[in-house]
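S.K.: All chains should be modelled from the sequences, with the hints used to inform the complete structure.
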Amino acid sequence: MRLIFLGPPGAGKGTQARELAREWGVPQVATGEMLRAAVAAGTPLGREAKRIMETGGLVPDDVIVGLIAERLREPDAANGFILDGFPRTIGQAEALGRLLKDLGQKLDAVLYFQVPEPELLRRLTGRRLCRQCQTAFHMVSAPPRREGICDHCGGPLYQRDDDSEATVRNRLHVYEQQTAPLLDYYRHRGLLTPIDGVGPVDDIRAAIRRAATEAR
2 MRLIFLGPPG
12 AGKGTQAREL
22 AREWGVPQVA
32 TGEMLRAAVA
42 AGTPLGREAK
52 RIMETGGLVP
62 DDVIVGLIAE
72 RLREPDAANG
82 FILDGFPRTI
92 GQAEALGRLL
102 KDLGQKLDAV
112 LYFQVPEPEL
122 LRRLTGRRLC
132 RQCQTAFHMV
142 SAPPRREGIC
152 DHCGGPLYQR
162 DDDSEATVRN
172 RLHVYEQQTA
182 PLLDYYRHRG
192 LLTPIDGVGP
202 VDDIRAAIRR
212 AATEAR
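The opening residue of the sequence shown carries number 2 in the numbering used here; numbering runs sequentially from there.
Please note that the accuracy of each hint is not assured.
[To be verified] Beta-carbon label-pair distances, calculated as ranges: (1) 148 with 52: 25 to 31 Å; (2) 174 with 34: 24 to 30 Å; (3) 24 with 144: 25 to 31 Å; (4) 160 with 43: 31 to 37 Å; (5) 61 with 182: 15 to 21 Å; (6) 103 with 166: 42 to 48 Å; (7) 41 with 119: 35 to 41 Å; (8) 119 with 144: 18 to 24 Å; (9) 104 with 139: 24 to 30 Å; (10) 144 with 210: 16 to 22 Å; (11) 142 with 214: 28 to 34 Å; (12) 184 with 24: 22 to 28 Å.
Note that these hints are calculated values from the structure, not bench results.
Think of the CB as a built atom: it goes at the ideal place given N, C-alpha and C, for glycine as much as any other residue.
M.R.: Below you can see the structure in the form of structure tokens.
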């Protein structure tokens, strides 16, 4: 199973990728986690990424694709993988296509998690953190027993600036603008399958399984 999971922040693709990768015995390949691991391990690409990030720059495509190439050449990826949130641009998609051709592999499907903006806002703006112990709560899915008070230490809860509605709306707008060409790219290649990202987690997972099976 060789799949790409795409979707806006808060769509739930990471959770589904993690569980299905475990179920199918393939790696979940998430670029953010890979970057952190490469930096921590001090690999050549990790050192280059660290240098760029320390100066406030964006890690360029060639470094990201290099990390992906290293990961997909590892033995546990020989029988499949789930790319979680990669590629993000047409350039990355084209580089991935060349890499898979070199490996003698092909994508089975690109699954796009569709979630209405109001639901994404509800999910992304609901997080609250304790000022004292940094315990995280969610006002919908994991609320504190007393509003505004941490269950663990009694400290006050607050909302990070990154979780404010204005900031989240901007993130979603940027993602939509960035991803639209990528969706067209994979749609024209007959690889794109929409997934309804709203509903019980198990129902969404079952829909992903059906889509992945039909694509093989």
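S.K.: State for each hint whether it applies.
M.R.: Right, here's what the structure says about each hint:
no., hint, result
1, 148 with 52: 25 to 31 Å, "45 Å, violated"
2, 174 with 34: 24 to 30 Å, "25 Å, holds"
3, 24 with 144: 25 to 31 Å, "30 Å, holds"
4, 160 with 43: 31 to 37 Å, "36 Å, holds"
5, 61 with 182: 15 to 21 Å, "18 Å, holds"
6, 103 with 166: 42 to 48 Å, "44 Å, holds"
7, 41 with 119: 35 to 41 Å, "38 Å, holds"
8, 119 with 144: 18 to 24 Å, "19 Å, holds"
9, 104 with 139: 24 to 30 Å, "40 Å, violated"
10, 144 with 210: 16 to 22 Å, "31 Å, violated"
11, 142 with 214: 28 to 34 Å, "29 Å, holds"
12, 184 with 24: 22 to 28 Å, "26 Å, holds"
Hints 1, 9, 10 from the list above are not met by this structure, while the remaining hints are.
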